[in-house]
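Visitor: First to last, the protein sequences are chains A and B.
Offset between the first sequence (1-based) and the working numbering: plus 2.
Offset between the second sequence (1-based) and the working numbering: plus 18.
Because the hints were derived from the structure by calculation, they are not lab data.
Treat the hints with care, as some may be off.
[Claimed, not checked] Residues from chain A that face chain B, not an exhaustive set, calculated with beta carbons under 7 Å: (1) 45; (2) 54; (3) 66; (4) 88; (5) 92; (6) 97; (7) 99.
[Stated by the list, open to error] Calculated from the model, a selection of chain A residues having no Cβ within reach of chain B, i.e. all distances over 10 Å: (8) 13; (9) 21; (10) 82.
Remember, it's a predicted structure, so these values are computed and weren't measured experimentally.
Glycine is no exception: its CB is placed at the ideal position from the N, C-alpha and C atoms.
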Amino acid sequence: NAGVTQTPKFQVLKTGQSMTLQCAQDMNHEYMSWYRQDPGMGLRLIHYSVGAGITDQGEVPNGYNVSRSTTEDFPLRLLSAAPSQTSVYFCASSRDSRDTQYFGPGTRLTVL
Amino acid sequence: GNSVTQMEGPVTLSEEAFLTINCTYTATGYPSLFWYVQYPGEGLQLLLKATKADDKGSNKGFEATYRKETTSFHLEKGSVQVSDSAVYFCALRDNTGNQFYFGTGTSLTVIP
Numbered sequence: 003n004a005g006v007t008q009t010p011k012f013q014v015l016k017t018g019q020s021m022t023l024q025c026a027q028d029m030n031h032e033y034m035s036w037y038r039q040d041p042g043m044g045l046r047l048i049h050y051s052v053g054a055g056i057t058d059q060g061e062v063p064n065g066y067n068v069s070r071s072t073t074e075d076f077p078l079r080l081l082s083a084a085p086s087q088t089s090v091y092f093c094a095s096s097r098d099s100r101d102t103q104y105f106g107p108g109t110r111l112t113v114l
Numbered sequence: 019g020n021s022v023t024q025m026e027g028p029v030t031l032s033e034e035a036f037l038t039i040n041c042t043y044t045a046t047g048y049p050s051l052f053w054y055v056q057y058p059g060e061g062l063q064l065l066l067k068a069t070k071a072d073d074k075g076s077n078k079g080f081e082a083t084y085r086k087e088t089t090s091f092h093l094e095k096g097s098v099q100v101s102d103s104a105v106y107f108c109a110l111r112d113n114t115g116n117q118f119y120f121g122t123g124t125s126l127t128v129i130p
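Could you build all of it, start to finish, from the sequences and the hints given here?
Guide: This is the structure we're talking about:
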């Protein structure tokens, strides 16, 4: 098992550019989520999904889109990047929302 | 709303010292409570959890008791080791089971 994988590891964008952060898991987990980690703020939930075809907003969803077409993949899209989106992004998955979450290694994003 | 407050860091201790990291929460209903640990350059790993009042979570010598009367979930370890150096996050899962809220993290450094 590879667990939860995230790509890329690092990314630099210019303001207004778009990109997709990839997240995949091979554990057949139903629940997947995206967080951003900022200094002094801990982790904040962006979006989550309780299964393929079902997504919902977390605490800080603005500026981000998600979709869940398969159980394995949960990409996070930035349609028009802003400097305020400079952060470290973590994807996590679990068998269901009440089970232990497994985190990916993170993507460090800088928006200039 | 839901929120988690944990003590500010950084914390520096000598090896074999006693550790306490305070965590209090605000939530409606009966959340589940967690402690996660993040080692440098890695994602978060679950350290321990408690799902109802008076439950005690424990793992690797760490303990925390879910205290509903004081809305607290303090992390303790009797004798820390250099390998315990990491950032520790307190978190809660809300009533719906779908949303997680994290504290800001406490950085611990253990010196030999």
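Visitor: The hint names residue 54 of chain A as touching chain B; please verify it with the least Cβ-Cβ distance against 7 Å.
Guide: At 16 Å from the nearest chain B Cβ, residue 54 of chain A fails the 7 Å test, so the hint is violated.
Visitor: Could you check that no beta carbon of chain B comes within 10 Å of the beta carbon of residue 13 of chain A?
Guide: holds, 16 Å
Visitor: Can the hint on residue 88 of chain A be confirmed by a CB-to-CB distance to chain B that is less than 7 Å?
Guide: violated, 18 Å
Visitor: Non-interface claim for residue 82 of chain A: all C-beta distances to chain B beyond 10 Å?
Guide: For residue 82 of chain A, whose nearest Cβ neighbour in chain B is about 26 Å away, the distance exceeds 10 Å, so it holds.
Visitor: If we take the beta carbon of residue 21 of chain A, is the closest beta carbon in chain B still more than 10 Å away?
Guide: The claim holds: residue 21 of chain A sits with its nearest Cβ about 20 Å from chain B, beyond 10 Å.
Visitor: Minimum Cβ distance from residue 92 of chain A to chain B below 7 Å?
Guide: Status holds, d = 6 Å.
Visitor: Residue 45 of chain A was flagged as interface toward chain B. Is the shortest Cβ-Cβ separation under 7 Å?
Guide: holds, 4 Å
Visitor: Is the interface hint satisfied for residue 99 of chain A? The criterion is a beta-carbon contact with chain B at less than 7 Å.
Guide: holds, 4 Å
Visitor: Per the CB criterion, is residue 66 of chain A less than 7 Å away from chain B?
Guide: With Cβ-Cβ at 16 Å, over 7 Å, it is violated.
Visitor: Using Cβ atoms only, decide whether residue 97 of chain A comes closer than 7 Å to chain B, and label the hint accordingly.
Guide: violated, 12 Å
Of the hints listed earlier, those the structure fails to meet are numbers 2, 3, 4 and 6, in rising order.
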